[in-house]
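2 protein chains.
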Amino acid sequence: MTDAGGKQEIAIIGLGLMGGSMALALKKTGGYLITGYSPGAETRRAASKAGALDHMAGSAAEAVRNADISFFCAPPNAVIDEIRACAAFFKPGSVVSEVCGVKEEVFREITASLPAGVSYVGVHPMAGKERGGFANADENLYKNAGFILMYADDCPEESVRAIERLIRDLGSERVCRNTPAEHDRIIAYTSDLMHVASAALCRQYAAGMTLAHTAGAFRDCTRVADIDAGLWTELLLMNARHVAPVLGEYIRNLTDFKAALEHGYEGAVYGFLKTAGDNKRKINALKGVEQI
Amino acid sequence: MTDAGGKQEIAIIGLGLMGGSMALALKKTGGYLITGYSPGAETRRAASKAGALDHMAGSAAEAVRNADISFFCAPPNAVIDEIRACAAFFKPGSVVSEVCGVKEEVFREITASLPAGVSYVGVHPMAGKERGGFANADENLYKNAGFILMYADDCPEESVRAIERLIRDLGSERVCRNTPAEHDRIIAYTSDLMHVASAALCRQYAAGMTLAHTAGAFRDCTRVADIDAGLWTELLLMNARHVAPVLGEYIRNLTDFKAALEHGYEGAVYGFLKTAGDNKRKINALKGVEQI
Numbered sequence: 001m002t003d004a005g006g007k008q009e010i011a012i013i014g015l016g017l018m019g020g021s022m023a024l025a026l027k028k029t030g031g032y033l034i035t036g037y038s039p040g041a042e043t044r045r046a047a048s049k050a051g052a053l054d055h056m057a058g059s060a061a062e063a064v065r066n067a068d069i070s071f072f073c074a075p076p077n078a079v080i081d082e083i084r085a086c087a088a089f090f091k092p093g094s095v096v097s098e099v100c101g102v103k104e105e106v107f108r109e110i111t112a113s114l115p116a117g118v119s120y121v122g123v124h125p126m127a128g129k130e131r132g133g134f135a136n137a138d139e140n141l142y143k144n145a146g147f148i149l150m151y152a153d154d155c156p157e158e159s160v161r162a163i164e165r166l167i168r169d170l171g172s173e174r175v176c177r178n179t180p181a182e183h184d185r186i187i188a189y190t191s192d193l194m195h196v197a198s199a200a201l202c203r204q205y206a207a208g209m210t211l212a213h214t215a216g217a218f219r220d221c222t223r224v225a226d227i228d229a230g231l232w233t234e235l236l237l238m239n240a241r242h243v244a245p246v247l248g249e250y251i252r253n254l255t256d257f258k259a260a261l262e263h264g265y266e267g268a269v270y271g272f273l274k275t276a277g278d279n280k281r282k283i284n285a286l287k288g289v290e291q292i
Numbered sequence: 001m002t003d004a005g006g007k008q009e010i011a012i013i014g015l016g017l018m019g020g021s022m023a024l025a026l027k028k029t030g031g032y033l034i035t036g037y038s039p040g041a042e043t044r045r046a047a048s049k050a051g052a053l054d055h056m057a058g059s060a061a062e063a064v065r066n067a068d069i070s071f072f073c074a075p076p077n078a079v080i081d082e083i084r085a086c087a088a089f090f091k092p093g094s095v096v097s098e099v100c101g102v103k104e105e106v107f108r109e110i111t112a113s114l115p116a117g118v119s120y121v122g123v124h125p126m127a128g129k130e131r132g133g134f135a136n137a138d139e140n141l142y143k144n145a146g147f148i149l150m151y152a153d154d155c156p157e158e159s160v161r162a163i164e165r166l167i168r169d170l171g172s173e174r175v176c177r178n179t180p181a182e183h184d185r186i187i188a189y190t191s192d193l194m195h196v197a198s199a200a201l202c203r204q205y206a207a208g209m210t211l212a213h214t215a216g217a218f219r220d221c222t223r224v225a226d227i228d229a230g231l232w233t234e235l236l237l238m239n240a241r242h243v244a245p246v247l248g249e250y251i252r253n254l255t256d257f258k259a260a261l262e263h264g265y266e267g268a269v270y271g272f273l274k275t276a277g278d279n280k281r282k283i284n285a286l287k288g289v290e291q292i
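Order-wise, the sequence lines are chains D and Y. Sequential numbering from 1 applies to the first sequence in my numbering. Sequential numbering from 1 applies to the second sequence in my numbering.
These are calculated hints, taken from the structure and not from any lab test. Check each hint, because a few of them may be wrong.
Which copy? The list can't say, so a pair holds if one copy fits it or any two copies do.
[Stated by the list, open to error] Computed cross-link-like contacts, DSSO-like style, restricted to lysine-lysine with a CA-CA straight-line distance of at most 27 Å:
{"no.": "1", "residue 1": "282", "residue 2": "49"}
{"no.": "2", "residue 1": "274", "residue 2": "129"}
{"no.": "3", "residue 1": "28", "residue 2": "91"}
{"no.": "4", "residue 1": "129", "residue 2": "7"}
Computed from a predicted model, the values in this text were never measured in an experiment.
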C-alpha cells in the first residue's frame, strides 16, 4: 500500500480548483506520493510549476496504475467517462473516489464500471469558489469543510477509513454519511437551490443602479451568481429530479409573499419573515455532523 | 451654526444600530456636539454608558432645539411621526435628515411637516447588520458605505453640503443622488428583493440536512434571512409598488428556469446561468458613484 519511503500513493485526475487544491494540501503533509494527470496541457504545466505533485503522468491510466487511492476531480460526465476508461488499470485493493456535487447517477455508473477488488467511496466536499482552474487552487480550500461520504453496503470498512484519513489530511474532521439519493435530495436545497436563486437574482437588474445602491445583502446574495455555467448546467440537469421540487416550493413561497405584499396583508408579510428568521437560526444551530 | 467651542451641534433621534453607529463615529471625530434621544430607556442607558453622546436629552423635541442637523434613525412610520412631533422645535436654518430605506412616502410626509426655513435632505446609507439595537452599533458601520441622497429642488445647496460633510465624517465618500421615486425603484431590486429572496430560501429547508451539507453558497445566500421581521415588514409594505414587479420578474425567471430543467433543455439552462454570470460581472464593474 505504500512506496519505498512509506508513503501512500495517490493519483489525482483533474487538477483544476478541486484536484489542484487537494494536491497542494496533501503535498504539504509530506505523507503522500502524489501522481497527477489533467487532460489540459496548460493545467499540467501550471500544476507542475507550482510543485503540487511528485509525478505528472502522461495519461489517467498511467496515473492510477500504482495508486492506493485514485481521486477523480472533474464534472460528473467527465468523471464517469474517465473512470470507465481507467477501469482495467486500477490496482487491486485500491480505492476510487471523486468529488462530484451530484451522486445518484455518478454512483450507479461508477459502481457498474469498477472490477471486483477495487472499491468506491464517493465524496462531496462542501467547498468551492466562484472561479475554477488550477490558478484558483488553494491548499486551504478544504480546511474545515463538510464532507459527505457515500459508499455501497459491501464497501470494505478499510476503504472508508482510508478516505477519512485523507479528509483529515485535507484539514477537515466534519463528515456526514448519506446514501446517494439522500445526498442528492438534501444538496438540491443546500447547494443547488442557492446557486439557482443567486443566479436568478442577476438574471435581472435595475436600470440606473450604481454600486452605491448596493450593500452587504446584494454582495452576499449574488456572490455565487458569478457561476461556472458549464459545470452547473451539468450538475443541475443531473439532479433535476430533486432540484425541480425544491425550486417549485421556493417559487410557491415567493408567489404567496408577493400576493401578501400586493394586498398589504401585514400579518402575512410579518409571519413569512418571522418564520424565515426562526428557520435560519434553527439551521445555524443544527448538529448531526460526525467528528472523525 | 456652532457651539462656543466651534463645534457643529447635531441631534440624533433613535440610538439603535443606525443612530448609535452614527453617534459613535461622529463622536470620534471630535468635531460635533452630539445630543441624543431614544424612546427606549434601556437604549438611552446603553448609549450614555458607551459615551456615544455629549448630552442625552429628555425628549426628541428637546434634542433638536439647538441642533444644526437633526438626524432621525428609526423605522419609516416612527420617523414620520417623530418629525411631525418635532416640527415646531427645529431651529430655523437647520437641516433635518433620516436614514429610512424607503423614501417616496417618507419624503412626502416630511416635506409636508416641516416649517419654512427648515430644510430636508433624506439619506439612505447602504449599511446594516442582521441584528439591530445599540448593542450592535459600530463606529465603522458607515465606513465606505454608499449613501443615496434625496432632496427637494428648492433645498439650499448649503444644506446638502452640510450632510455631505457629515457623510465624509462617517467614513464614506460614496454618494449618489436620486429622486425618491428613483431611489425606491432601484432599492426594490438592490436591497428589498435580496432580502425577500434570502428569507424565502429559509422559508423551506431540507429534512435530514446538517451543517456538513452547507458551504459558502448557503451561508451567503441566507445570511440576511436572519431578518428584523418588524422593520422589514414596514419597509417592504411601504415599497410594495416597486417590490412587487421586481419580485414578479424574479418569479417568472425562476419559473422559466424550472421548466428548462424539467424538460432537460441544456441550452436554456446554460444560457440562463451564462447571462446571470455575465450580468453579475457587469454589475461588479458598474461606475456612476460620485466622489464627494
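Give me the numbers of the hints this structure contradicts, sorted from smallest to largest. Hints 1, 4 not satisfied by this model.
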